[in-house]
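Once you have looked at the hints, place chain B on chain A.
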Amino acid sequence: GEDVEQSLFLSVREGDSSVINCTYTDSSSTYLYWYKQEPGAGLQLLTYIFSNMDMKQDQRLTVLLNKKDKHLSLRIADTQTGDSAIYFCAESSSGYNKLIFGAGTRLAVHP
Amino acid sequence: DGGITQSPKYLFRKEGQNVTLSCEQNLNHDAMYWYRQDPGQGLRLIYYSQIVNDFQKGDIAEGYSVSREKKESFPLTVTSAQKNPTAFYLCASSIQRAGGGHEQFFGPGTRLTVL
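Read top to bottom, the protein sequences are chains A and B. For the first sequence, position 24 (counting from the first letter as 1) is numbered 24 according to this note's numbering, and the numbering increases by one without interruption. For the second sequence, position 19 (counting from the first letter as 1) is numbered 19 according to this note's numbering, and the numbering increases by one without interruption.
Treat each hint with caution, since some may be false.
What the hints assert, rightly or not - Derived lysine-lysine pairs resembling BS3-like cross-links, with alpha carbons at most 30 Å apart:
#: 1; chain 1: A; residue 1: Lys98; chain 2: B; residue 2: Lys57
#: 2; chain 1: B; residue 1: Lys83; chain 2: A; residue 2: Lys98
#: 3; chain 1: A; residue 1: Lys70; chain 2: A; residue 2: Lys36
#: 4; chain 1: B; residue 1: Lys57; chain 2: A; residue 2: Lys70
#: 5; chain 1: B; residue 1: Lys70; chain 2: B; residue 2: Lys57
#: 6; chain 1: B; residue 1: Lys71; chain 2: A; residue 2: Lys36
#: 7; chain 1: A; residue 1: Lys36; chain 2: B; residue 2: Lys57
#: 8; chain 1: B; residue 1: Lys9; chain 2: B; residue 2: Lys71
#: 9; chain 1: A; residue 1: Lys98; chain 2: B; residue 2: Lys9
#: 10; chain 1: B; residue 1: Lys70; chain 2: A; residue 2: Lys98
Unchecked claim - Negatives, chain B to chain A, calculated, CB over 12 Å:
#: 11; residue: Glu15
#: 12; residue: Ser67
#: 13; residue: Thr86
Think of the hints as simulated: they come from the structure by calculation, not from any bench. All residues carry an ideal CB built from backbone N, CA and C; glycine is no exception.
The shape of chain A in the complex, shown without the other chains (with noise of 0.2 Å):
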């Protein structure tokens, strides 16, 4: 079946560049997602990317998608304290009505 991993824990200094990894197995995957979970809160919506396209940037954030890989990563520029949340990824096909989400990376942003 169809399957999202990512790494479980990233940690980086305040002021770097956060690039968290994601890939999946489903290659009929049409969009990838990037959600947001801060400490006992509900995911929010990031960003996300058609799978015809390579790039897709927004503010501080950039979605880099390999398809040929079915590899996914998000950077984060500048990161800040505020970015310190789990992120997940996840993807959805066509026709399919359920995403299919990663077990999150937690990122830490320390001093």
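Chain B only, in chain A's frame:
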């Protein structure tokens, strides 16, 4: 303000009791979802509904039940048959984009603790 509300935020239950978690949305979304999140784990789909009066089991439906009598509401009942119900429960709703995207919007969650 449009959004998804879940209530209560914290819920305590004795073993053997059923409990119902509320989820309401005013986004006019057709589809709604219930997920369970355990510490250090991702989201697991319990049930989802694509339209009023219709719903499907997700990956971990055993011990749970839902109803979808109104477009705005998708309550989840955690029954006594659920062996390990202590978890964080998240409700979501979605719009469908042309081309197959399902952008889901999440509520703030309900933390259920069984005593």
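Hints versus structure:
Between Lys98 (chain A) and Lys57 (chain B) the alpha-carbon distance is near 11 Å, which keeps this suggested pair within the 30 Å criterion. For the proposed pair Lys83 (chain B) and Lys98 (chain A), the alpha carbon gap of about 25 Å is at most 30 Å, so the pair holds. Our distance criterion of 30 Å between C-alpha atoms is met by Lys70 (chain A) and Lys36 (chain A), whose separation comes to about 21 Å. Between Lys57 (chain B) and Lys70 (chain A) the CA atoms are separated by roughly 28 Å; this keeps the pair inside 30 Å, and the hint holds.
About 18 Å separates the Cα atoms of Lys70 (chain B) and Lys57 (chain B), which keeps this hinted pair within 30 Å; it holds. With a C-alpha separation of about 27 Å, the suggested pair Lys71 (chain B) and Lys36 (chain A) falls inside the 30 Å cut-off, and the hint holds. With a CA separation close to 26 Å, the supplied pair Lys36 (chain A) and Lys57 (chain B) stays within the 30 Å bound. Restraint check for Lys9 (chain B) and Lys71 (chain B): the C-alpha separation of about 22 Å stays at or below 30 Å, so the hint holds.
Between Lys98 (chain A) and Lys9 (chain B) the CA atoms are separated by roughly 25 Å; this keeps the pair inside 30 Å, and the hint holds. Between the alpha carbons of Lys70 (chain B) and Lys98 (chain A) the distance comes to roughly 21 Å, so the proposed pair stays at or under 30 Å and holds. Here Glu15 (chain B) stays apart from chain A, with its beta-carbon at least about 24 Å from theirs, past the 12 Å limit. For Ser67 (chain B), the non-interface assignment is confirmed: its Cβ lies about 19 Å from the closest Cβ of chain A, beyond the 12 Å cut-off.
Residue-level check passed: Thr86 (chain B) sits 15 Å from the nearest beta carbon of chain A, beyond 12 Å.
Of the hints listed earlier, there is not a single one the structure fails to meet.
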